[in-house]
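Student: Each chain, letter by letter, is given below.
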Amino acid sequence: MSTAEILTAIQDSAVAHAISKSNHLVGAGLQVVHVLGFIALLAALVLISLRILNLVFKQQPLSAVTRDANRLFYLGLGLAVASGVLMFVSSPKLYFYKFAFELKMLLFVTAVVIQFAALRRVAAHENPHPVLARAVVAVSLAAWFGIGLAGRMIGFT
Amino acid sequence: MPNLVLFAEWVEQLPISTAIAESTYAFPIVEGVHLIGLSIAVGLLFITDLRLAGVILKSVPLTQVLKQLRPWILGGFASIFITGGLLFCAEASAMVANPAFKFKLVFIALAALNAGYFEFVIARKAAGDLDRPIVPRAIKFAGLASLSLWTVVIVCGRLIPYLPSTP
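Taken in order, these protein sequences are the chains called A and B. Per the working numbering, the first sequence starts with residue 1, numbered consecutively. Per the working numbering, the second sequence starts with residue 1, numbered consecutively.
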């Protein structure tokens with residue numbers, strides 16, 4: 001199966017038809033869930049970052065702050081990914097060949113890899129090495145903020 | 001309201017407005033920065049609200065949460081107001097006729113009133129009780145009210161391009 005055939009198959013699926021043939025406010029609702037989920041995710045990430053950099057809650061253990069923040073992070077990630085997948089499925093050909101979308105997916109994969117390979121490890125130490133901590137936080141924030149910027153470009157390019 | 005329409009038309013003619021409106025990339029980039037500012041300001045405000053409601057960060061004293069997150073929240077809000085103002089300038093005429101935009105402003109005003117009431121009335125009255133394990137109910141309600149109002153602000157904001165303008 002070629003890429004085009006796969007995209008056509010997705011576009012012709014029952015889920016895709018259900019979304020694309022429904023009222024345009026269903027699509028708007030997915031956008032609303034997507035942005036709310038993304039904001040929850042970023043809020044948690046900003047909190048974890050500020051704590052790792054010792055800019056807030058220095059008196060509290062890093063593990064206590066990240067444990068609570070992680071719940072919010074995964075809630076946000078779940079909402080954003082679920083709504084994002086539904087949006088993509090409803091019109092895969094519209095998104096797949098867009099540069100902004102491709103960039104967003106590339107950044108997303110990068111951000112997830114950094115999250116699990118680096119940020120979680122840094123946060124696992126009570127006193128991470130300051131230079132390493134700063135570098136990982138900077139790259140992680142850049143990747144997730146980049147996802148937001150690339151996401152906003154999708155509708156305009 | 002003809003004055004409002006005239007004002008919007010005047011704003012839209014400003015050099016900065018036409019520059020943003022006519023560029024392919026300026027508008028989405030400003031929107032992207034608006035979104036990032038939002039995730040810092042409203043995002044950290046959500047975390048404060050969840051702490052007020054007693055959902056997360058219970059190991060951190062409430063007064064510390066309020067005090068330490070405040071500068072980041074205010075800094076984020078500065079960036080949202082600037083980018084939001086620029087976005088308004090570029091589409092002023094459409095915005096003053098857009099129902100989602102009007103509702104967004106109303107809910108921002110309500111959220112600001114709630115924040116002011118919390119800051120100057122509830123938190124002052126309960127100043128001695130803030131760091132106790134069980135906080136007064138008014139504090140929980142203020143947190144939940146803030147969480148709900150800002151969520152509605154974001155929903156209205158995202159619906160701006162989806163709801164038709166009404167004259």
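Careful, some of the hints might be misleading.
[Stated by the list, open to error] In silico DSSO-like cross-links for lysine-lysine, where the CA-CA straight-line distance does not exceed 27 Å:
| # | chain 1 | residue 1 | chain 2 | residue 2 |
| --- | --- | --- | --- | --- |
| 1 | A | K58 | B | K102 |
| 2 | B | K67 | A | K98 |
| 3 | A | K98 | A | K21 |
| 4 | B | K67 | B | K140 |
| 5 | A | K58 | B | K58 |
| 6 | B | K58 | B | K102 |
Since the hints were derived computationally from the structure, they do not count as laboratory data.
Student: Under the constraints set out in the numbered hints, which ones does this structure not fulfil?
Tutor: 1, 2, 6
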